[in-house]
Amino acid sequence: MRRRFSPGRVLGWTVLTVVVVGSVFPFWWMVRTAITPAADMYTDSSALLPDNPTLVNFARVLGLTSEAEARAAGGSGAHVDFARYLVNSVVYCALIAGFQTLFCAMAGYAFARLRFPGRDLVFGILISALMVPPIFTLLPNFVFVKELGLINTMAGMVAPSLLMTPFAVFFLRQFFLSLPRDVEEAAILDGNGPWGVFWRIALPMSRGPLITIGLTTIVWAWKDYLWPLLVGRAEENRLVTVALGVFLQQSPNTQPDWTGLMAASTLSVVPVLVLLVFMGRRLVQSLNFTGSK
Amino acid sequence: MTSSTPHHPARRRDDRRAAWWFLVPVLAGFGVFYGYPAVRGLWYSVTDYTMLNTPSFVGAENYSALMRDGDFWNALKVTAWYVLLNIGSQTLLALAIAALMHRLTRSVVLRATLLLPWLVPNVTVGLLWMWLLDTNLGFLNHLLGTVGIGPVGFLSDASLAMPSIAAINTWSYTGYTALLLYAGMLQIPQYLYESAAIDGAGEWRMFRRVTLPLLRPVLALVLVVSLIGSFQIFDTIAVTTKGDPVGATRAIYFFIYEEAFRFFHLGYAAAAAICLALILGVLTAVQMRLLRASRSDLA
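Chains as they are written, first to last, in our numbering: chain B, 1 to 293; chain G, 1 to 299.
Watch out, some of these pointers could steer you wrong.
Here are some, though not all, of the chain B residues that point toward chain G, as calculated from beta-carbon distances under 7 Å [as the list claims (entries may be wrong)]:
no.: 1; residue: 135
no.: 2; residue: 211
no.: 3; residue: 215
no.: 4; residue: 219
no.: 5; residue: 223
Pulled a few chain B residues facing chain G out of the computed Cβ check, cut under 7 Å [stated by the list, open to error]:
no.: 6; residue: 18
no.: 7; residue: 20
no.: 8; residue: 225
no.: 9; residue: 265
What the simulated footprint calls covered on chain B by chain G, stretch by stretch (three residues with Cβ under 8 Å from a Cβ of chain G suffice, anywhere in the stretch; the number is not a length) [claimed, not checked]:
no.: 10; segment: 25 to 33
no.: 11; segment: 71 to 79
In short, the hints are calculated from the structure, not lab data. Just so you know, even glycine gets a beta-carbon here, dropped at the ideal spot from N, CA and C.
Model the full assembly from the supplied sequences, consistent with the hints where possible.
Structure, rendered in structure tokens:
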């Protein structure tokens, strides 16, 4: 609704502006620290840009410099290779989001449309897992993955979330229930079996919710920390989040390597920022989806 | 729930065989990584398992030891303190932001910007704020210094550490929560505001009389979900304070994590995890009752 200029509106916009600045400024400070030479940390002014901007901190956390150069630029001398950790994180997210979405869509469809004995009971049991805090299953899962010899493998890292999460099954079942049946009925009369209806009719009609659940899964997988910390601590499997934690530990407690840490932190934000720029509308709408349910 | 259409021959089928194939991956995933570990976790909780021994049955010993463990009670206490601070500030701020957006703008760019702190891993958020709150070089202490306030140990002072952690996570999750509430507000019919305006109601009155009551189901749902999430605070603490100073930020998740993977008291940790599950179950049930009560309010 259109309204005239009023003190209330000015106040409202002022508050929103403060909120936006408060959300964005810390990120700017992160980038600003990342482009500050470590040697300048005590002498640098606190202006919005450092006195002597540099990219050396990015180069060293990406493993592009020799150990001596990294040390000279403020590193602890321990090996860091965020290029590899970023690739690991992307692979991790892609595997989980891809498989989980597909499998949960199949199950959601079965629970919404197919008829079989015990359907509602099985669904109820699956959904009850939503009530259990993840750390309860995490402990035995760790022991199990260890018994299988999958510690420090990508397989062990993705295993618990590759096939399903109760939320995705629930979400997609609710969506399939809301689809009009007519088209599917027509396809059945045309001689399609359940698989045909699912692949040719139901899935193409569900692009929006599938993208919603896929994006949500990617975001959560990108943020994952506790499980990959336990299962994927080795250098070659480390995700960005785990690597950030390790990097902090390697850094001297008395004077952390802030320029390097902020360069690495910036790298962990870049993929998310890309996602936001290209899929921002989708992401925002996906919240409308969950918010209005 | 499903409408049966007896006239329709195609609907009378039994899809048992097809359903089996649709469900194999999800049932396998559930059985192996939810069902089986749940049973195993229950078993561990009544054993002396340390990951190195063969577990042997000890009855309710872990549970009675928990009840006598001051660290466990401390963990519950600081978690409750955190949840109170975090959920309180986050919900109020989010509600204010959502209401302002609802009355002022539909901008997608603004919404995407507010979402940014939520999209970033908690580990990154923790590191970033550890730097901003650093006692010697942090930006916030620099700001405080310019107005003559001495360096504050936000994360090292025992009474400030948990409020600081709560503030960090409020920063990270408020935008997300605001967008959920905003989505709920969009469901409220616009004419209600128009007629309230004709009646001469101001913005504050509209918020109290229209927005808040009609938002209650969404608000309640968002509260349930964020409350459960808030109890599971781990990443931020694991990165910044590691439970210090003197246990002031040793929240229940971190307590369980340390018992299991630092001291290898797996049986004990499993028992603590079950206690946490019970607490969350009771809280959810209580909140769901409130949720249902508020739903009738809407009609």
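Tell me, which hint numbers fail for this structure?
2, 3, 6 and 11
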